[in-house]
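Asker: Protein sequence lines, in the order shown, are assigned to chains A and B.
With the working numbering, letter number 323 in the first sequence gets 321, and the count goes up by one each step, no holes.
In the working numbering, each number is its position in the second sequence, counted from 1, plus 71.
Where chain A lies over chain B, by a calculated footprint (3+ residues, C-beta under 8 Å):
no., stretch
1, 75 to 83
2, 90 to 96
3, 99 to 110
4, 117 to 123
5, 128 to 136
6, 145 to 154
Don't read these hints as lab results, they were simulated from the structure.
Don't be surprised by glycine CBs; every beta carbon is placed ideally from N, CA and C.
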Amino acid sequence: MELQSLIYLFVGLSFALYIGIAIWAKAGSTKEFYIAGGGVHPVLNGMATGADWMSAASFISLAGIVSLKGSDGGAYLMGWTGGYVLLAMLLAPYLRKFGKFTVPDFIGDRYYSDFARAVAVICVVFISFTYVAGQMRGVGIVFSRFLQVDVNMGVYIGMFIVFIYAVLGGMKGITYTQVAQYCVMIFAFTVPAIFLSLQVTDTFLPQIGLGGKIPFAFDDGVKMIDSGTYLLHALDTSMTDLGFAAYTVSHGGTWNVFMLTTALMLGTAGLPHVIVRFFTTPTVKGARISAGWALVFIAILYTQIPAVAAFARLNLIKNLQNVDYAKFVKNEVKNSDGSINRGSWFKTWEDSGLIGWNDRNGDGKIQIAAGKAFEGKKGKPHFDGKRGASGERLTSNPANGVSKSSEQMRADGKIENEVYLDRDIIVLANPEIAGLPNWVIAIIAAGGLAAALSTAAGLLLAISTAISHDLLGQVLMKDPATGRSKLSERAELMAARLAAIVAIIVAGYLGINPPGFVAQVVAFAFGLAAASFFPAIILGIFYKRMNKEGAIAGMLAGLVFTFGYIVYFVFMGGDKADYLWGIAPTGIGTIGMILHFVVAIIVSSITPPPPKHIQELVERIRVPRGAGSASTH
Amino acid sequence: MDDNAAQAYWKENITTILKLLVIWFVVSYGCGIIFIDELNAITFGGFKLGFWFAQQGSIYVFVILIFVYAKMMERIEEKYDVHE
Chain A
-1 MELQSLIYLF VGLSFALYIG IAIWAKAGST KEFYIAGGGV HPVLNGMATG ADWMSAASFI
59 SLAGIVSLKG SDGGAYLMGW TGGYVLLAML LAPYLRKFGK FTVPDFIGDR YYSDFARAVA
119 VICVVFISFT YVAGQMRGVG IVFSRFLQVD VNMGVYIGMF IVFIYAVLGG MKGITYTQVA
179 QYCVMIFAFT VPAIFLSLQV TDTFLPQIGL GGKIPFAFDD GVKMIDSGTY LLHALDTSMT
239 DLGFAAYTVS HGGTWNVFML TTALMLGTAG LPHVIVRFFT TPTVKGARIS AGWALVFIAI
299 LYTQIPAVAA FARLNLIKNL QNVDYAKFVK NEVKNSDGSI NRGSWFKTWE DSGLIGWNDR
359 NGDGKIQIAA GKAFEGKKGK PHFDGKRGAS GERLTSNPAN GVSKSSEQMR ADGKIENEVY
419 LDRDIIVLAN PEIAGLPNWV IAIIAAGGLA AALSTAAGLL LAISTAISHD LLGQVLMKDP
479 ATGRSKLSER AELMAARLAA IVAIIVAGYL GINPPGFVAQ VVAFAFGLAA ASFFPAIILG
539 IFYKRMNKEG AIAGMLAGLV FTFGYIVYFV FMGGDKADYL WGIAPTGIGT IGMILHFVVA
599 IIVSSITPPP PKHIQELVER IRVPRGAGSA STH
Chain B
72 MDDNAAQAYW KENITTILKL LVIWFVVSYG CGIIFIDELN AITFGGFKLG FWFAQQGSIY
132 VFVILIFVYA KMMERIEEKY DVHE
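Work out the full structure: start from the sequences and follow the hints.
Answerer: Below, the structure is given as structure tokens:
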């Protein structure tokens, strides 16, 4: 079948499945809407958490980042998995025992303060919106590439699908849809990874293949790499030949890798849409096991990512170095073993603007190496609509030709780069680069959408719950006499659905008009989660003496510092030289977290201890006995 | 359940968590970041050890840690009779 019809088929089938599940699991009560009735099996809950957690960024961009950064990409791999150890041991069981619906519930009750609750609500809404904007954009990009529609149209389609199952089903609908989405996503990632692993290392499991040997010889442009060389060794050698840093050696500096890993770990443990997952299990024990299963399901994907990243990096050098562009894009170039080195993907992605080729030495052949292929900001090509001698797209970037032939460069051991590659296309283009069958490429489209939609739905739910339950129910419409919401169950469910609709519209708007810094806002979400929720919850459980004054002062200190640092250095053009102890904004959440702890403990030690009933509350959440079902409204 | 049992339980819980977090720190920060260059001198198959810890090994250890923790806590809870 044609690639396009296969894509329609797979994407259509997966969407029909999600909507079917949403209708089957329609929420009838606020408890079902917020925490799926509190009765989700730990394994299923773990699977749903995995889908919720792994976003379009994990599925599409992470392999690209690791491929680009090599060894230092480990910060992302360890950061985004290690946080679950902290979640399982320091947060999940106690929050489950606490037994309400949301993170602001905990903050508000434990610190006996509606002001603390309101601060928590604002954090949830802000963290979740920054995250969801990126997801909606991801949905739009995948749709535009694979369904051949406009990016904006893609965002509208995504909004419609999320609308149906988030608004109708609430947490119950989302949880069961996410289980299905996890299955689609993991299948979509694993199948091409296995194909690649067989092709590049003759090994079935990508995790093992990463340490395997290449069954072919190839020319990296400077010298031949023998067949039977270890993959990672071949990568180190060819990358060094081409002027890159060696793949398996760390270059980022221990200090910054350390800080980034910590911020990602603590941010993971503090993200409200992840934490709320552990309110949905039936028991405290279930909450612990569920965190374990979530990490199992995440690890299945995350241990394949470094393998895919390395395969992709090698394939790029092997397939692109010194091939004739005009023949390559017409699929006329042959590999050394006589098979066809298909290059039509190069033209497809060049047409979409994510690849550029600048024939600097005019030999009609592609040269790939370290350095900028195009002059100008970040080396990005600015296409001017004209075509060059080989049929490539020309740009308005300043000329930067070189006079050396590829033979001369080989002799000198220094290749001049001619290729611009957007790192986000690594996973999407990988199967095409490797010449995998069409149905594999179609599955990737369905997987990318599953990843983006499942995360978007979880985030939208976190936002709508924060508004209807925490802000309306517990702050604005609270009956001072009973301490409960004045809204009826029906009215609150209606408010939750309305809030979800508004959240979807705002998210769609942000997806269509991205603030222009979608990649950087991720640092925002993680930094703020690490500096706000993580310490506040830990202190609430492990430090009985922590009182409301300390908690509020700590949260505000952590937030204001982290917020200010990121805004100053990312959005207001702060100079790198002024970094505090050389820490990049992506890792500053770690310092915000430490600041939070210090301020909270100092302030609480000079103010009165919390009232007796709060100390008893802390005693109670520390022991599992008597968890029962999640408390009713 | 009396207060003493609850306190003893809590203490043992904290000790367990700290022990496991030491392992968590050693495999990720220790092997994958701080001593990565030293460990890279050791190779097995096609892997350098530090690189393997940073991109594969630490993730496997994380998974095992959570399940070990859940199992240990179950035992401790029965010992102090505070289980659900």
